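Protein chains: 2
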Amino acid sequence: MNHNLRLGDERRDVLQATFDTVTQVWEGFDKARESEPELTAATAALLAETLPEQGMIHTDALGQAVDVLDQSLAQSRPRFLAYIGSSGLEIGAVADFLAASYDINLAVDARAASTLEVQTSKWLGEFIGFPNARGLFTSGGTVSNITALAAARHRAVPESREMGNTGPMAVYVSSEAHYSNKRAVELLGLGTRAVRSIAIDEQHRMVPAALEEQIRADMAAGVKPMCIIASAGTTLTGAIDPLREIARIAQTYNIWMHVDGAYGAPAAGTDVARDLFDGIELADSVTIDAHKWLFVPKACSIVLVKDYAALAATFGHNEAYMPHEGEEPNPVDVTLEYSRPLRALKLWLGFKAHGASEFRSAITKNIELAQETYSRASVNASFRVLHHRPQLSIVPLQHIPHGMTDPEQISKHNAALCSAIEKDGRVFLSPAVIDGETWLRPCFTNFRTELSDVDVLFEVIEDLGNKR
Amino acid sequence: MNHNLRLGDERRDVLQATFDTVTQVWEGFDKARESEPELTAATAALLAETLPEQGMIHTDALGQAVDVLDQSLAQSRPRFLAYIGSSGLEIGAVADFLAASYDINLAVDARAASTLEVQTSKWLGEFIGFPNARGLFTSGGTVSNITALAAARHRAVPESREMGNTGPMAVYVSSEAHYSNKRAVELLGLGTRAVRSIAIDEQHRMVPAALEEQIRADMAAGVKPMCIIASAGTTLTGAIDPLREIARIAQTYNIWMHVDGAYGAPAAGTDVARDLFDGIELADSVTIDAHKWLFVPKACSIVLVKDYAALAATFGHNEAYMPHEGEEPNPVDVTLEYSRPLRALKLWLGFKAHGASEFRSAITKNIELAQETYSRASVNASFRVLHHRPQLSIVPLQHIPHGMTDPEQISKHNAALCSAIEKDGRVFLSPAVIDGETWLRPCFTNFRTELSDVDVLFEVIEDLGNKR
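So the sequences go chain by chain: Z and G.
Residue 1 is where the first sequence starts when you use full-length UniProt numbering, and the numbers rise one by one after that.
Residue 1 is where the second sequence starts when you use full-length UniProt numbering, and the numbers rise one by one after that.
Because the hints were derived from the structure by calculation, they are not lab data.
Treat the numbers as computed from the prediction; the structure is a model and nothing was measured.
Among the hints, a few may not be true.
All copies of an identical chain are treated as equivalent in the list; a pair is satisfied when it fits inside any one copy or across any two copies.
Stated by the list, open to error - In silico lysine to any residue, SDA-like type, Cα no more than 20 Å apart, as pairs:
#1 K412 with D424
#2 K224 with E162
#3 K306 with E245
#4 K31 with D455
Could you put the whole structure together from the sequences, leaning on the hints where they help?
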């Protein structure tokens, strides 16, 4: 059975088994399953084994892998509403298979594949209305945000590459911005003391006047404003900061403006949500996770920038073993990562096979499901909703048992209910703490989720909520 | 043709086409192709198209993707000797297909898949001789190194998460350490001034006495030693720093010791190279890129750590929408990234299907090819080699045209030759600048490379080198 790490004479069997498995898996995802299976004793034993020194029949190994996957929480399933995640676009999974086989590295020029990456990032700019930008694929929203922040620091303090953080700097985010932004600031050696949490309005959007006031105060105190991070779709409620007003402030004070649109930015490509993103084209950089609301398998994030030279100034170097030809910097000179898989292929093939129109439709459908969820909950006495309709596709809900009025008790009830829902397994939700209270937080970012799944969502919440 | 982003009634056709394509691709990789094709006009036109609004027959789209891939430089091909990269392990590509379909997120507990990640990192620790460690998969060596450095900073200056870099710190690397380590130090806001390039010996290994001297000088000057990064397989020559001696120094001065074994560490699992890694088990953390010398498709890096709690202290937080149950931190609390694909599956399935023994054999074979290359070049008057045999599988070579003796002229000749080899396309090499001189730098990290490819390597170098 030793084939020198090739599948050898088992190639045909393994590919046939893969073909059959994936067909079944995709058919299984067409409808939700009624519950999540427990970990079997056999799988538990399998996952406790020590390193196997000898191989086994490859199709048997494949079968074991599938058992593990089936006993895991997969975001591809239609009732996984817990996080803003991807949903394993079928043609995207095929693309990952191809990309993995060729295993191209986009660190230096890899010929056609390098051009494909550039093209796909342009397509994404066209899709969201951020034209004439260059983009680079990264391993995730955190790395995209870090890339943008590093460029912002370099613009604010050019000597920082050599000298480090030489004085106090500040980064401005809304008080509900994603934690990864704070983590990025920590990583950059600025400390959380550099984070300015700007007040939000009743729709959870950054208040521009508060932003401007803080910037003036910092400048007066000798603190250098480094970057304004506007959220275009917060993780908690899907709020979109007022981008045009923030851009005006960024220009007034000459501060790098980054839009963290990891989750929300693709909605800018739809008729129903486009207006919410007015002004996004004025940003210096935008993060979009195609592995969130463009449905392709993770990881597939993109950072789009206006000033490509700013990235080269931040990351460029002359490595002794990297060929540098011509004027154009290698990707390795403008990004954080060295080994760069062909992440763009899954989005490229998705746009090719389905057309941008199907993506717009699927995003619009998610927004409609969120609106429907909000509408149903808002007329149901067993539920409390936020005062405003969802801007995108996240719908915080509280289940209110009959007669319960104490906010603290309601929070505890919803936290316990969320755990019960997770154990039940018909739908999967995560909790959200908003203004100190615990909410349930269904997120619609899966192209497989249907109206019938919303029915089940309400059934499960009421069923388990009223039992407690 | 609108299937709501599913393949719908084209599923069977797409899977059959994928099956046929991958079979041909793998058969194509069994032997090298004799030249690299030029970009065709059709592909160039394809890659200049704007965003397609409507979809197309899916198998046609797939065909276009394969055309692009075939006109790209793929590391999977047997004569791609340019960088220490992966080679698209066949069963690993299958695993990526499955993982992409399920699209599990390992940020929080995903049940069986989460256990599989833990198990695979333990296997890797067993394989390289770094036992009783916990590991986490990351998107690449740079992110793994950054993760370790962030933990090292937190240990050296615990208040840095809040306060940032409050005073001067120093990071110690050999003068030939991978540039990603310097980039990581820059990113962390320390500036390159914090990097201490420690002298190397004639085998390009860090000199422990020079390290200790520098640490003492820094401490005397009020600079806080933050981390020693030992290279276990440098990118330029494959040198392995003396790990046991460095560990003794790290312990003496209570400094975090990180081993950057991104490329080389898997060789610690072989009989022929194990002794070179003596002392690796004493490190605080180790980076291993399974997408380098464990052959799986990129990206699949692992950072192994002794003190898991140090990661939690560095990255842990209480995010409002993440369920935290029990004592065990979620992966999102101990790593940089939030969205975490199931990268472990390809390595798990590789070990399952082939057994650790086949990996050991393939690594050993790469080392033998490197030794053979060194031997042949050292007895051939047209070549110059380094004074010592390769420690791992990188073999710097200079082609010396008859009668050429001026080092500067020889460097220029080899730089031009490297470009000519790249254009020729029979083999793919990258240059290396070592001690100011330009060398050719064949790297053997591909399980598909055979002795016959070494024959071609010499043919091509002599053929093109003597023409110039």
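Please list, smallest to largest, the hint numbers that this structure does not respect.
Violated hints: none at all, because every hint is consistent with the structure.
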